[in-house]
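Add chain B to chain A, keeping to what the hints say.
For the protein sequence lines, the chains are A and B, in the order given. Sequential numbering of the first sequence, starting at 339, is according to the working numbering. Sequential numbering of the second sequence, starting at 11, is according to the working numbering.
To be clear, the hints were calculated from the coordinates, so they are not data collected in a lab. For glycine and all other residues, C-beta sits at the position ideal for the given N, C-alpha and C. It cannot be assumed that every hint is accurate.
Claimed, not checked - Facing chain B, a subset of chain A residues (Cβ under 7 Å, in silico):
1) L479
2) L492
3) V493
4) L507
5) K522
6) A654
7) L661
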Amino acid sequence: MILRLSFVSLQISRRALIVSAVLSLLMLSLLMLSVSMGYYPLSLTRIIAAIGDHASEVEQMIVMDHRLPRILSAVGAGAAFGLAGAMFQTMLRNPLASPDVIGFNAGAAFGALAAIVMTGANILPGALIGGLLTAAAVTALAWHNGLHPYRLILVGIGASLTLVAGADLLMSRLDSMTASEMAKWLIGTLNSRDWGDVRLIWGGLALMLPLCLWLQFPLSRLAMDDDISTSLGLALSPLRLTITTTGVALVALAVSVAGPLPFVAFVSGPIARRIVGGGKPALLASAMIGALVTLLADTLARSVPIVQLPAGVFTALIGAPVLMWLLLVQFRKGTL
Amino acid sequence: MDTDMGSNSPSVPSERPGTDPRGLWFCLSVLGLVILAGLSLRFGLRPTGWDQILAALTDYDRMNPDQIVIRAIRLPRLAGAILAGASLGVAGALMQGMTRNPLADPGLFGVNAGAALGVVVCIMFLGQTDPASFIWVALGGALVASLLVFLLGGGGQANPARLVLAGAAVSALFLALSRTALIVSHQALEVYRFWVLGGFNGVDFATINTLLPFFAVGFVIAIFAAITLNALMLGEDTARSLGVRVGSAQLVIGLAIVILCGATVAMAGPIAFVGLIVPHLARWRAGPDMRWMMLYSASFGAILMISADLAGRLPLFGGNMQAGVMSAMIGGPALIWLVRRNGVSKL
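Chain B extracted, bound-state conformation:
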């Protein structure tokens, strides 16, 4: 992906992070994340000062309108963006590592289409229209769709190409079912066409607390999966000879992907692109080692998501553009640029 690929190879001793450029770059990316987080707390329809942010975080005054905006609206929104970005980035890295397919995207696992169908069904048959009530149906739909993809994709002895194809087929079927439902039910269309934009406008701490265990489980699995993936990246036969149980490893990794993406869709709606593009950006600094890939994908994903959320607040976009739309607007051209810049073989 870049010219100093050689120095990023696994032969660099990663036990000494002080001398490893990957450690330095990771610290820099975390610093960038913190700065962006600060900006995200500060800017919006109601501009607030840095002193108010500091006060809201340390010494919350429940009567001060600025601090209420920060604590009740911007902080959960920021937390949601960080969680969503990090999980989509990590899930994308897991999926691309597992399938050894640079185009693999969590959306391809049927997660987004399944969640969308869940939401549509929920509106049609349960009469729910409040996005907060979509969490469990979205998660359920995502689970059903990805289970179907996994079974069609060959279950335990999943073949990467087969998984991607099965994912595309299941996604298309679920999408068609939701579209049919949307044509029949006007009410469903009215709610769906706003939900599908994806964003963090309505995210509150209650939602985040409900979903936090899912994110936590997903991240923990991802950390352990990274070690297995390093072996899996060498090819399934080599991995097997290194003592990896390929089938069960893929099952566990698949589960982590579904949990991370399902929780994200439940919280913020379908957000395209982050899972596809972030691993490519992460590989640029992390090299092939999956442990670093996880860290970088999490921080780059969060950075991208906060930036998308922030960019949507610019007056240029009417002050409140959904982060899902913004990330696609940033991500599409970024992918095209990456493809043109690096040539095909590198992607």
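So here's chain A without its partners, still in its complex pose:
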């Protein structure tokens, strides 16, 4: 299907349309389910009333102050993780190369722990500074006549392993109360988000989305090998630097809202590629999958009584089997 406006024409595959329709439907139903369930179950009409300012004070507080901000934060953070994951995986031509490969997550964990050990607070700024510094250092160290994907992965692994050891060490230096608090933060949680978080993540996404959509075009050519991409007129190194910077910024946003949720960035890209098909990078589909996985995980986390489990536990428990299934299917089809 080709969409023609006055001076642009856009090729849209029927499959992509169907996929986005199905994903949107899924997202919508999950959103409604998530808002309505909890300690205080609410019917759909009550929710609409609460949003429209016609419900009792309690119901309004539950919907507007607790559930909606948390759910919208989850969706936004998941989308950011999904986008960043797909960008890195396409750029580095490796399904394993999610942003944590270049050390962002390890840097963020180390930064958060260092902030706790040194100042007793400031987890979030510590995590952001740690993650961004690590990503910058890894990119700079991997730069040698341009940014080569394989070198970026290797340097990233080196930095990650060192930082993980450092984080383990800091964990052993904490007192036991702080340690158990940090264990929760380190896996990523969406407990008690407010509208400030929602504004942060959605504002950031709105700013980055045009850039990501534009990057989709060079990314689809970047998936081929370096020689072909260069002969198609791509300036590889500046492009890779742009993608890395954008991806890292997205991850930083998402981490600052939801903590380092494992697996979301890792699985969104491969699932999206698989359902969209055609070997395209599928950034938008990946963002939607990321949002779906995160929201599902957080909804599950909310549905567990007594212990407040962090959402990250469930993103991992959903993500890992999905990834394994994906591996099995792809191997069977011989596409890997």
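For chain B alone, kept in the frame of chain A given last:
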């Protein structure tokens, strides 16, 4: 990896070790190992003289405090470091040779994550908190995880890329399970966060004796595997035409990797990096011949591990930094340096 790669090619007759630079370098590395071992016996919180070390080794006086420290603490610690370093180095070389992937690391087989989950489960459900009781659960967890990786990775007709991917997926799943357990159980977190640093502080001869058969089996398989790997390195089709049963060879090699790494994790906790970095260092002197690679990986691995253990005793690191942390601190920058120095194609 270096300019005299040509002279290290298999065309050099390895039957005459006297004229082979690889033999000379190997002897030098063993010499280095012995010197480091001596330093490791001598230095620590309680400095001892060389005469005491000699006496402790040859004519042990059970009443002399210096000799007790050497015999009861430093000697098992040294033996543990040598065994762990050598097995991680050999396992890394086996894995990188088998998967023909320079990034392959025994940790990627799910061994570390499996062992960690085993330990966490043991603390949570059996109430064990003494690291000495972790040996069997760690070994069991490592076995389960790597079996899962092997099955997901395609069993007999394992494809290298598939193995690595399956390993990453299984590791991540096991890690997530342990983290969940750690959030639920405070007691598990309290023990786990010290165990996970990895080190030889608590290693004694009883532990080493329990695990020695595993190490021995692993090393013996590795020696035989080296010959098969030389053929496998040429590609699976070529290996097949040379009469290698690729599937069963990979199964046996995989088993050796699991045994070596599982025993190491059981003894000293998860130690990152040695398995990844040592084969790269070994290739620098050993060239492509896997038989030499095994020898060099064992000696370089042991050297790296003793150095990490020794460096952790420096006052700079508070006198007792775990070897697992030290090896990561040395290994990370070393990997980055290797990548930058050699360029990508060589790694």
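Against the structure, the hints come out as follows:
no. : hint : in the structure
1   : L479 : 6 Å, holds
2   : L492 : 5 Å, holds
3   : V493 : 5 Å, holds
4   : L507 : 5 Å, holds
5   : K522 : 6 Å, holds
6   : A654 : 3 Å, holds
7   : L661 : 5 Å, holds
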